[in-house]
Amino acid sequence: MDRELLIEIGCEEIPASWLPGLTAQMARHVDARLKEVRLTSDAPAESYSTPRRLTTRVIRVAERQTDLEELVTGPPVAAAFGPTGEPTPAALGFAKKYGVEVSGLERSDTSKGQYLAYRLRQRGKATVDVLADLMGGVLRDLRFPKQMRWDAYLEDGKGDLPFGRPIRWLLLLYGGRVVPFVIRRTELAQGPTVQDIRSGPNTYGHRFQTTSGRAGRAIKVKTFDDYQARLLENFVILERTEREQKIRRELETHARRLSGRVSPSVAAHSSLLQEVPDLVEYPTVVAGHIPVEFLTLPEEVLTTTMIHHQHYFPVVDEDGRLKPAFLAVINMEPEKPEIISRNAERVLTARLRDARFFWDQDRASTLESRIERLSTILFHKKLGSYREKVDRVVTLAEWIATEALRVPEAARVTAQAARLSKSDLATDMVRELTELQGTMGGIYAREEQLPEAVWKAIYFQYLPVGVEADAAPSRQQLGPAAVPWTALSLADKLDSVVGMFAAGELPTGSRDPLGLRRQAQGIVKMLADLPEVSGLDVRVRLGPLLDKAAAPFNADGEALSAVGTFMGDRLAYLLEQRGFDVRNVRAVLHGDIGQTSPLEAKRKLEALAQMAGSASLLGVATLLKRVKNISKGVSAPSSNPNGLLTEPAEQALVAALEQSAPAIRAAAERSDYREAFAAVAALQPMVAKFFDDVLVMAEDEGLRAARVGLVATMRDLILEIADISEIVTD
Amino acid sequence: MTFQDLILKLSTFWAAHGCLLQQPLDLEVGAGTSHPETLFRVLGPKAWSVAYVQPSRRPDDGRFGQNPNRLFKHHQYQVILKPSPDEVQQLYLESLESCGINPRIHDIRFEEDNWESPTLGAWGIGWQVMLDGLEITQFTYFQQVGGMDLAPVSCEITYGLERIAMFLQRVENVFDLEWGGGVRYKEVRLQEEIEQSKYAFGQVDGLSGAEFADVHRELFDKNFALGEKLLDSKLILPALEQCLKCSHLFNILDASGSIGVTERTGYILRVRQLSIRVAKAHVEAENLESGPAA
Chain A
1 MDRELLIEIG CEEIPASWLP GLTAQMARHV DARLKEVRLT SDAPAESYST
51 PRRLTTRVIR VAERQTDLEE LVTGPPVAAA FGPTGEPTPA ALGFAKKYGV
101 EVSGLERSDT SKGQYLAYRL RQRGKATVDV LADLMGGVLR DLRFPKQMRW
151 DAYLEDGKGD LPFGRPIRWL LLLYGGRVVP FVIRRTELAQ GPTVQDIRSG
201 PNTYGHRFQT TSGRAGRAIK VKTFDDYQAR LLENFVILER TEREQKIRRE
251 LETHARRLSG RVSPSVAAHS SLLQEVPDLV EYPTVVAGHI PVEFLTLPEE
301 VLTTTMIHHQ HYFPVVDEDG RLKPAFLAVI NMEPEKPEII SRNAERVLTA
351 RLRDARFFWD QDRASTLESR IERLSTILFH KKLGSYREKV DRVVTLAEWI
401 ATEALRVPEA ARVTAQAARL SKSDLATDMV RELTELQGTM GGIYAREEQL
451 PEAVWKAIYF QYLPVGVEAD AAPSRQQLGP AAVPWTALSL ADKLDSVVGM
501 FAAGELPTGS RDPLGLRRQA QGIVKMLADL PEVSGLDVRV RLGPLLDKAA
551 APFNADGEAL SAVGTFMGDR LAYLLEQRGF DVRNVRAVLH GDIGQTSPLE
601 AKRKLEALAQ MAGSASLLGV ATLLKRVKNI SKGVSAPSSN PNGLLTEPAE
651 QALVAALEQS APAIRAAAER SDYREAFAAV AALQPMVAKF FDDVLVMAED
701 EGLRAARVGL VATMRDLILE IADISEIVTD
Chain B
1 MTFQDLILKL STFWAAHGCL LQQPLDLEVG AGTSHPETLF RVLGPKAWSV
51 AYVQPSRRPD DGRFGQNPNR LFKHHQYQVI LKPSPDEVQQ LYLESLESCG
101 INPRIHDIRF EEDNWESPTL GAWGIGWQVM LDGLEITQFT YFQQVGGMDL
151 APVSCEITYG LERIAMFLQR VENVFDLEWG GGVRYKEVRL QEEIEQSKYA
201 FGQVDGLSGA EFADVHRELF DKNFALGEKL LDSKLILPAL EQCLKCSHLF
251 NILDASGSIG VTERTGYILR VRQLSIRVAK AHVEAENLES GPAA
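In order, the protein sequence lines correspond to chains A and B. Under our numbering, read the first sequence as residues 1 to 730, first letter to last. Under our numbering, read the second sequence as residues 1 to 294, first letter to last.
Bound-form chain A, shown alone (with noise of 0.2 angstroms):
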């Protein structure tokens, strides 16, 4: 009969962004030993987890192993038999291996000849002598962010047992029969005080709440759903959405009561209601009051002191206006709410007079200012100080600004926003709300009474960030800002990515501890919505950008290149999550990253989008891939060699060429790209007819070389908007 595995590792508080990803690697892990030691079940494991538990079920596992049969090769049979054919010493060796004569060994059949071969059969163990061994491999496989010692050792052979946080107890049941386990702790440990932990029969709940008998005391179980429901009895949600939901619930009816609604900045700004249902085990809503004074506060330095700092949930009115009040979830059903909440207010408030004390003191001296004090406050080791950084910044916005943008006459309020661009980094507000940088800035801008411009570009400096996440700001929120944040926003990330691969601080396929990735993702997503974010219709090309933004820094060619292939990368991520077909991304985003302007790119995908399907361009692309590889390295002639193309189709198709060549340029230039494919599309019947009729590989030499000097004429005016060869599907 087939019996429930349970499996609890109850630990301390395991960090709550960590449990999403435990909760998955249990399930996961538990299966592959399951199939690793032969132990089937009928349904795939389930796992939960709470800040102190990591809980595993797999209904029915079944009670014994499957048994073993496998077919061992031995030495290949002409190897096995002397001439007279008697067995040679490797056919002995082998047969008494496994202890039986060579006349009782089977032959197999394989490609590569007949070998010797041993019909290996064992029979399955009882599921509860091999989960020990599951027990072990699991707790040996889980991976955390960051790992601790304490002490604890498994006697599987490799020793030390790191863990996320220490073990306190151990629930392992098999058809509700403990299963026993044992994590040993180390000698130098070892005492009164430190012990062992023996898998056993027992949970504990809530450390001080229970709804019979004494709280925390250990909790007998035999099933899964005796365990959950008793869990229950002792304040602990053992499910995870089940956490959630009573959160969102009970915080709505808080709001609802406060007459609002839980401020939309919570879910547009953070990831606290991902993050509370693993902050606790028994989630309960209380309601705070702030007192009315601090509403004077900018509404960020309040959000963000609520959201951030206390994990609390700002209430807003109908006009979306922040009210006197917060949202708090904490983790019991409280004796005495109200104690819990005037404790709540008075540490809210205790920080919001902090901050008011950092608002006052801030704003009695100017962002000019504090610029000098930037020496003292560190950008990057090997790229020096924020002061550092902010004269290249100056330099790269009001560069991007004039040249790249072409609007000189925004330079001098760019350079001057970008100047400022930092100073809040050395405000007391920033260094104690690390998320307000920039916005603080621009705040304190408006409060200097600076221009418009100048101050949203501070304020908006370090958007966009990522793909989707943290949106760039509207035009209209920008206002006459739209240019000079458009210069700041992309020399910040530009001098921060550029340098930081100028440092040799590359992000690796896991680790990208500064955020280039989703900085240089800003970058291209800004380039390639200019129009909707700017206002300007500008063609911005991503090599004269990288290489200013590399001058100061003295980069090699290989860094230069580096950063190249990583922003192309980027840029056809982007293009990708929008849902551009990846073919299409390819054959747009072909040749010299540089050349790449990626509005240009984000254009020419949106054409191609509306002209899937069209058979004559598919045509053209067909032969585009034969026309590639016979004029693999050949130069377009500058000319027409005179008199050599005499055939129809080759003169139809250099007609068709000198006809089209202009049109297609006119269309790209003016960036209809639908009519420059469209251009390209229609050669496709001269195309086929050419290579219909014509031998490219001609005997004549000359004869040959005009062919494919033709062909790489249509060659390299098709690459000049998109190698549409890759959109040929293979």
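Keep in mind that the hints were calculated from the coordinates and are not lab data. Mixed in with the good hints there might be a few duds.
What the hints assert, rightly or not - Cβ pair distances, simulated, as ranges:
(1) Lys220/A / Asp5/B: 37 to 43 angstroms
(2) Ala15/B / Arg230/A: 45 to 51 angstroms
(3) Pro192/A / Asp176/B: 39 to 45 angstroms
(4) Ala268/A / Leu235/B: 43 to 49 angstroms
(5) Asp141/A / Pro118/B: 28 to 34 angstroms
(6) Gln66/B / Glu252/A: 37 to 43 angstroms
(7) Gly182/B / Ala471/A: 55 to 61 angstroms
(8) Ala15/B / Asp160/A: 29 to 35 angstroms
(9) Asp176/B / Glu46/A: 50 to 56 angstroms
(10) Arg321/A / Asp5/B: 42 to 48 angstroms
(11) Pro118/B / Asp160/A: 22 to 28 angstroms
Stated by the list, open to error - Covered, in the sense of this in silico footprint (three residues per stretch, anywhere, with C-beta under 8 angstroms from a C-beta of chain A), are these stretches of chain B:
(12) 58-69
(13) 204-217
(14) 242-249
What the hints assert, rightly or not - Covered stretches of chain A, as calculated for chain B (at least 3 residues, CB under 8 angstroms):
(15) 5-16
(16) 165-171
(17) 183-193
(18) 378-386
Computed from a predicted model, the values in this text were never measured in an experiment. We put the CB at the ideal spot given by N, CA and C, even for glycine.
Position chain B relative to chain A; hints supplied.
Leaving out everything else, chain B in the frame of chain A:
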């Protein structure tokens, strides 16, 4: 409960649970971790449990006595348990109960917060303990000190005494706390806060910003050189003291905005190198004394 009662309660609790009651380090330090009762005792295999108050100076947090929550100098109650008992969280919660904090009425949480001190070559894994949203304790399992792995692992519990006292006395301003016998915190410490803050931010008559910085650079160099000399003579504890003085001088230089980033990194590195050498020397000396028989 007065400020001094709180200290008495914690001392009584931890003494009853096997801790030696030690006294504060009589030097200017930023945290109880710098005390040799922590820094040295957590190294090596010997079991050790100790508790003490440590006045802790954070020049950067100086607010001239005007901020109700921030102090140039605050008080930590430091507990070291080596090895860390299995029931350590439970013990900690009982210690709160002994101070009159009822965990059945309040929301007490352990939220991830790891600790690292680059100047001590030390780091640990742990939590900040939140009491109805107020951070009252730093709870750390030490993993490395002086760049060396620790075995067994020690648990460090650091209570923020002013915070807890303010919670218990329900006061909004630290200076309104009752220290003991009707005497307020401000009567005991306000003048010191004002003077120390002025000093930490370089507001010294007849000493320009540059001169202020120079004096402290010189002091740093002298203490550092002395520390190295002491270490060469195997005078390890005195060497540690010079190292801690350097660390404090660096904090003053930093708070007063006297040093740029490159210089800053350089100072951190120097203190770190000295503290690591001191820690290594301590381990070697201990091994020599205890001998192979131990």
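**Request:** Given that the region 378-386 of chain A was listed as covered by chain B, double-check it with a C-beta distance under 8 angstroms for 3 or more residues.
**Result:** Our answer is that it holds, as 5 residues pass the Cβ test (under 8 angstroms) against chain B, meeting three.
**Prompt:** Are three or more residues of the region 242-249 of chain B within 8 angstroms, CB to CB, of chain A?
**Reply:** With 0 residues in contact (Cβ-Cβ under 8 angstroms with chain A), the coverage given for the region 242-249 of chain B is violated.
**Request:** Three residues minimum, CB to CB under 8 angstroms: does the region 5-16 of chain A make the cut for coverage by chain B? Let me know.
**Result:** Coverage by chain B holds here, the residue count being 4 at a Cβ distance below 8 angstroms.
**Request:** For Ala15/B and Asp160/A, compare the CB-CB distance with the range 29 to 35 angstroms and indicate the outcome.
**Result:** holds (33 angstroms)
**Prompt:** Taking 43 to 49 angstroms as the hint, is the beta-carbon distance of Ala268/A and Leu235/B inside that range?
**Reply:** Check failed, 59 angstroms falls outside 43 to 49 angstroms.
**Asked** Cβ-Cβ distance between Arg321/A and Asp5/B: within 42 to 48 angstroms?
**Response** At 45 angstroms between Cβs, range holds.
**Asked** Given a hinted range of 22 to 28 angstroms, is it respected by the beta-carbon distance of Pro118/B and Asp160/A?
**Response** At roughly 25 angstroms between Cβ atoms, Asp160/A and Pro118/B fall inside 22 to 28 angstroms, so the hint holds.
**Message:** For the hint 45 to 51 angstroms, verify it against the beta carbon of Ala15/B and that of Arg230/A.
**Reply:** For Ala15/B and Arg230/A the Cβ distance comes to about 38 angstroms; the hint is violated.
**Message:** Can you tell me if the region 183-193 of chain A counts as covered by chain B, using C-beta to C-beta distances under 8 angstroms and a minimum of three residues?
**Reply:** Holds: 5 residues of the region 183-193 of chain A have a Cβ under 8 angstroms from chain B.
**Prompt:** Does the Cβ pair Gln66/B, Glu252/A satisfy 37 to 43 angstroms?
**Reply:** holds (41 angstroms)
**Prompt:** Would you say the C-beta atoms of Pro192/A and Asp176/B sit inside 39 to 45 angstroms of each other?
**Reply:** holds (44 angstroms)
**Message:** Verify the CB-CB distance for Gly182/B and Ala471/A against the hinted window 55 to 61 angstroms.
**Reply:** holds (58 angstroms)
Comparing the model with each earlier hint shows violations of hints 2, 4, 13, 14; every other hint is respected.
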